[in-house]
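> Sequence:
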Amino acid sequence: EREAMKSSLLVLEMGGIPRSFKFIFRGTGYDEKLVREVEGLEASGSFYICTLCDATRLEASQNLILHSITRSHAENLERYEVWRSNPYHETVDELRDRVKGVFAKPFIETVPSIDALHCDIGNAAEFYKIFQFEIGEVYKNPDASKEERKRGQSTLDKHLRK
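Here my numbering is used: the first residue of the sequence shown is 29, the next is one more, and so on.
Hints are supplied without guarantee of correctness; some may be wrong.
In silico EDC-like links for lysine to aspartate or glutamate, alpha-carbon gap of 16 angstroms or less [as the list claims (entries may be wrong)]: (1) K61 - E137; (2) K133 - E165; (3) K133 - E106; (4) K178 - E165; (5) K50 - E165; (6) K186 - D171; (7) K168 - D185; (8) K157 - E137; (9) K133 - E162; (10) K133 - E65; (11) K133 - D185; (12) K178 - E162; (13) K50 - E65.
Calculated directly from the structure, the hints in this document are not laboratory data.
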């Protein structure tokens, strides 16, 4: 297993047949904690989970596929000024929602790139598809209809809810 992990090879036994999957991971050069610190964002336990967009934990959990970079250094600076001056005289919660998790002055601009969170989301989405296809035995019938593929998804969803 350790050797398989080193080579990014995953072997799963499904239906009594060992199936192997190879994954290629790339490093981003940025650590999420570092990005949060230098861009003035709340810590990783924040309601605003993403360093690249304004997604909340709930939004991120409901959207495992479509993600785009919507945060910028300049925008974080603007949000910090709103946080610091509170021009609309809002409560802390209202203000926090307005600035989307920015609470300190950003002091180093980072180049937006995929971070650990988005790698995890992407990997989870891929594993979900793999398991869905395996449960639906799509490998036996590559021309499976949409309904047949949905059955695999439904079975997987029921299993995950247990």
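> All hints, please: hold or fail.
Now for the hints, and whether the structure bears them out:
In summary, the hint linking K61 to E137 is supported, as the alpha carbons are separated by about 14 angstroms, within the 16 angstroms threshold. The hinted pair formed by K133 and E165 fails the criterion: a straight-line CA distance of about 52 angstroms is larger than 16 angstroms. Note on K133 and E106: the hinted pairing holds, with a Cα-Cα distance of about 9 angstroms set against a maximum of 16 angstroms. Simply put, K178 and E165 have alpha-carbon atoms about 12 angstroms apart, close enough for the 16 angstroms limit, and the pair holds.
Between K50 and E165 the alpha-carbon distance is near 19 angstroms, which puts this suggested pair outside the 16 angstroms criterion. A distance of roughly 24 angstroms separates the Cα atoms of K186 and D171; the hinted pair therefore is violated under the 16 angstroms criterion. With a C-alpha separation of about 21 angstroms, the suggested pairing of K168 with D185 is violated against the 16 angstroms cut-off. Restraint check for K157 and E137: not satisfied, since their Cα atoms lie roughly 35 angstroms apart, outside the 16 angstroms limit.
Distance check on the hinted pair: K133 and E162 sit about 48 angstroms apart at the alpha-carbon level, beyond 16 angstroms; violated. Annotation: proposed proximity of K133 to E65 holds, straight-line Cα distance about 9 angstroms (limit 16 angstroms). Taken as a hint, the K133 and D185 pair is broken in the structure, with Cα atoms around 42 angstroms apart against an allowance of 16 angstroms. Proximity of K178 to E162 is assessed by CA-CA distance (about 12 angstroms); at most 16 angstroms being required, the pair is judged to hold.
A distance of roughly 34 angstroms separates the Cα atoms of K50 and E65; the hinted pair therefore is violated under the 16 angstroms criterion.
Going down the numbered hints, you'll see the structure goes against 2, 5, 6, 7, 8, 9, 11, 13, while the others check out.
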